[in-house]
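Engineer: Next come the chains, spelled out residue by residue.
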Amino acid sequence: MLAFIIKRLANAVFVMLSVTFLAFVIFTAVGDPVDQMLNEQATQAQRDDLRERLGLDDPFLVQYTKFVGRAAQGDFGISFRNQRDVLDMIAERFPATFELVLVATFISLIVGVPMGVITAIRRQSWYAEAMQFTSIIGVSLPSFVVGIGLILVFSVWLGWFPAFGRGDTVDLGWWSTGLLTPSGRMSIVLPALSLSLFQITLVMRLVRAEMLEVLRSDFIKFARARGVPARRLHFSHALRNCLMPVVTMTAMQIGGLIAFALVTETVFQWPGMGLLFIQAVTFVDVPIMAAYLCIVALIFVVLNAIVDMTYAVIDPRLKGADA
Amino acid sequence: MTDRTDPKMPSRAERFFDSDLWWSFKSHKSAIGAAIVLALVIVAAFLAPVLSPQDPYDLAALELWNAELPPIWMDGGQMPFLLGTDVQGRDILSGILYGTRISIIIGIASVAVSLFVGIGLGLMAGYYGGWIDNVLMRIGDVLLSIPIVLVAILVSSVAQQFLSPAWREAGVAAVLVLAIAMYSWVQYARVVRAQTMVERRKEYVQASRLVGTPARRLMLKHILPNTLTPIFVAATLNFGLAILIEATLSFLGVGMPPNQPSLGTLIRVGNQYLFSGSWWIVLFPSIQLCILVVAVNMLGDWLRDALNPKLR
Chain A
78 MLAFIIKRLA NAVFVMLSVT FLAFVIFTAV GDPVDQMLNE QATQAQRDDL RERLGLDDPF
138 LVQYTKFVGR AAQGDFGISF RNQRDVLDMI AERFPATFEL VLVATFISLI VGVPMGVITA
198 IRRQSWYAEA MQFTSIIGVS LPSFVVGIGL ILVFSVWLGW FPAFGRGDTV DLGWWSTGLL
258 TPSGRMSIVL PALSLSLFQI TLVMRLVRAE MLEVLRSDFI KFARARGVPA RRLHFSHALR
318 NCLMPVVTMT AMQIGGLIAF ALVTETVFQW PGMGLLFIQA VTFVDVPIMA AYLCIVALIF
378 VVLNAIVDMT YAVIDPRLKG ADA
Chain B
51 MTDRTDPKMP SRAERFFDSD LWWSFKSHKS AIGAAIVLAL VIVAAFLAPV LSPQDPYDLA
111 ALELWNAELP PIWMDGGQMP FLLGTDVQGR DILSGILYGT RISIIIGIAS VAVSLFVGIG
171 LGLMAGYYGG WIDNVLMRIG DVLLSIPIVL VAILVSSVAQ QFLSPAWREA GVAAVLVLAI
231 AMYSWVQYAR VVRAQTMVER RKEYVQASRL VGTPARRLML KHILPNTLTP IFVAATLNFG
291 LAILIEATLS FLGVGMPPNQ PSLGTLIRVG NQYLFSGSWW IVLFPSIQLC ILVVAVNMLG
351 DWLRDALNPK LR
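Going line by line, the protein sequences match chains A and B. 78 is the number of the first residue of the first sequence in my numbering; add one for each residue after it. 51 is the number of the first residue of the second sequence in my numbering; add one for each residue after it.
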């Protein structure tokens with residue numbers, strides 16, 4: 078048990094080291110920071126002086142160690158483009174992305190779970206087959222095309238929802254939320270829908286597969302024989318036994334959604350950290366790119382590690398295994 | 051090898067039409083539909099120079115007074131611009147046909163590269179084990195623990211910085227192929243490795259090794275054919291995924307440039323005119339992309355079920 082947790086943590090640390098290494102390679106590969114920080118007329122002496130101060134003369138590994146040390150303290154340097162502290166810029170944008178992901182996850186559970194249950198208990202009906210068919214399409218549709226389609230129909234043609242931006246926001250200390258204002262709530266509908274579509278199909282397929290498995294088990298047959306009404310049988314007895322994997326997958330997907338939100342944020346010009354990243358890519362603003370990569374990977378890795386470890390605690394079958 | 055000429059032995063084609071796979075295909079309406087649609091899309095894309103009314107790369111053929119014409123069934127639509135034109139007077143249909151061709155080529159190339167790398171490394175990891183296995187699988191773990199889109203965006207945008215202007219045209223496509231393949235080889239490598247570890251211990255491999263068959267031949271001729279079924283399914287589904295990732299990268303502006311547009315680039319460009327009323331510039335390439343990916347995924351879905359022995 079303890080060995081498993083230590084192994085899992087070591088793995089997470091290894092992944093993070095590799096990610097920071099990748100970020101650092103990008104950092105050093107794209108252009109010489111000295112050229113970007115000094116103007117054309119700088120003398121060789123000034124250049125050498127700056128090199129010395131930035132530690133660019135150190136061996137590669139020393140530079141990398143320093144980079145990791147600074148990154149661990151949240152110091153990713155300043156943006157090349159607007160000379161601000163990178164971590165501050167990302168922290169400013171984080172609430173927007175997080176609210177978007179949260180609402181999208183909520184939608185996917187509210188819609189996906191009932192759809193999964195229905196397709197499992199009415200397997201032969203036409204609407205279950207129709208849902209199953211739509212789910213293949215839902216997995217295939219590129220998220221940015223879905224976003225553009227939603228904008229075209231609901232903003233351009235019908236004019237129901239705003240097509241871009243976050244609406245008015247309210248500052249709650251360091252967190253700015255758009256969920257408390259009417260325009261903020263209207264603005265989040267389309268982006269959250271487009272981000273959740275893929276998620277809905279995932280949840281639906283998972284719930285369906287789990288339900289089919291549980292419905293075959295003895296305790297369900299026994300409950301049915303005892304005369305438990307169908308509705309209670311399906312939603313209270315069977316569904317409860319399917320929820321564990323759904324919760325796990327939702328937790329693991331949140332990391333992926335935070336990363337994937339950058340596509341949705343680009344379509345809807347949603348001022349989250351994904352949009353910041355894409356703009357940084359366009360202007361080759363390397364500190365922001367590197368910091369975004371490290372932060373998103375950290376969220377991703379930490380979530381996965383927590384889920385794995387919770388599983389080891391909950392699921393007794395993993396205790397004996399030397400996984 | 052006299053068996054091949056023996057009249058009782060069915061030919062390859064006969065064996066194929068007699069197989070379970072063909073039977074399953076014939077009885078799946080959605081698989082047949084998807085295959086027909088996919089074939090039409092691919093044929094149309096590769097016949098683009100013949101079929102399309104205009105060469106979208108030929109700047110001299112563009113006339114500015116043809117700009118932003120709506121599709122033919124609306125007021126102001128003109129022949130030969132069936133689906134209308136964009137702001138430079140470029141025919142949308144021609145752009146889509148050429149764009150689909152680029153998307154498909156990048157998809158196929160990235161699947162081919164990742165298959166080659168994945169199968170090769172998977173065989174080595176499974177056959178030799180030891181440190182090779184450890185190193186390869188750790189690298190795979192790391193790649194799978196970072197979101198795909200992010201890696202692809204970074205690789206593609208950073209690598210494009212290094213392309214000299216002369217190589218830009220051909221280089222961008224190659225960079226995209228590598229950025230997509232960099233992630234997907236892991237899946238093939240894992241499958242091949244697991245299967246190789248099982249096959250390696252079987253008697254036919256041991257016997258073949260005893261008579262002195264070299265390791266390379268053992269891996270390629272004896273072990274590899276027994277690992278191909280799951281690889282085939284994964285490759286089909288990954289083809290759809292590769293087209294999607296390429297489109298997403300192009301849409302985000304780190305993929306194909308506007309002078310060599312793939313479907314994603316067309317959608318990116320068209321997206322700027324969403325609010326000006328010229329909805330056809332963005333809508334038709336989007337529809338084409340969806341048709342392409344849905345058809346590939348439906349075929350892959352059917353293939354996965356048809357080749358799964360548990361569902362027989």
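Do not take every clue at face value.
Said to hold, decoys possible - Now the in silico label distances, taken between C-beta atoms and shown as ranges:
hint, chain 1, residue 1, chain 2, residue 2, range
1, B, 279, A, 247, 50 to 58 Å
2, A, 151, B, 326, 21 to 29 Å
3, B, 266, A, 200, 47 to 55 Å
4, A, 313, B, 155, 47 to 55 Å
5, A, 248, B, 166, 50 to 58 Å
6, B, 282, A, 328, 50 to 58 Å
7, B, 266, A, 162, 28 to 36 Å
8, B, 82, A, 325, 52 to 60 Å
Claimed, not checked - List time: in silico DMTMM-like cross-link candidates among lysine to aspartate or glutamate, alpha-carbon distance up to 25 Å:
hint, chain 1, residue 1, chain 2, residue 2
9, B, 79, A, 206
10, A, 143, A, 126
11, B, 271, B, 253
12, A, 84, A, 385
13, A, 84, B, 253
14, A, 84, B, 191
15, B, 76, A, 206
Since the hints were made in silico from the structure, they are not lab data. None of these values were measured; they are calculated from a predicted model. All residues carry an ideal CB built from backbone N, CA and C; glycine is no exception.
Engineer: Run every hint past the structure and note whether it holds.
Structural biologist: For each hint, the structure was consulted:
1. Evaluation of the 50 to 58 Å hint for residue 279 of chain B and residue 247 of chain A yields a pass: the beta carbon distance comes to about 56 Å.
2. At roughly 43 Å, the beta carbons of residue 151 of chain A and residue 326 of chain B sit outside the given window of 21 to 29 Å.
3. The beta-carbon spacing between residue 266 of chain B and residue 200 of chain A, approximately 49 Å, falls within the hinted interval of 47 to 55 Å.
4. Take residue 313 of chain A and residue 155 of chain B: their Cβ atoms lie about 53 Å apart, and the range 47 to 55 Å holds.
5. For the pair residue 248 of chain A and residue 166 of chain B, the supplied restraint of 50 to 58 Å holds, since their beta-carbon distance comes to about 53 Å.
6. Between residue 282 of chain B and residue 328 of chain A the CB atoms are about 33 Å apart, so this pair departs from the stated range of 50 to 58 Å.
7. Evaluation of the 28 to 36 Å hint for residue 266 of chain B and residue 162 of chain A yields a failure: the beta carbon distance comes to about 55 Å.
8. Separated by about 37 Å at the C-beta atoms, residue 82 of chain B and residue 325 of chain A break the suggested range of 52 to 60 Å.
9. Restraint check for residue 79 of chain B and residue 206 of chain A: the C-alpha separation of about 14 Å stays at or below 25 Å, so the hint holds.
10. A threshold of 25 Å between alpha carbons decides the hint, and for residue 143 of chain A with residue 126 of chain A the separation of about 19 Å falls inside it, so the pair holds.
11. This hinted pair checks out: residue 271 of chain B and residue 253 of chain B have alpha carbons roughly 15 Å apart, not beyond 25 Å.
12. With a CA separation close to 11 Å, the supplied pair residue 84 of chain A and residue 385 of chain A stays within the 25 Å bound.
13. Annotation: proposed proximity of residue 84 of chain A to residue 253 of chain B is violated, straight-line Cα distance about 36 Å (limit 25 Å).
14. Taking the CA atoms of residue 84 of chain A and residue 191 of chain B, the gap is about 14 Å. The hint holds against a cut of 25 Å.
15. Under the criterion of a C-alpha separation no larger than 25 Å, the hint pairing residue 76 of chain B with residue 206 of chain A is consistent with the structure, at around 20 Å.
Hints 2, 6, 7, 8 and 13 from the list above are not met by this structure, while the remaining hints are.
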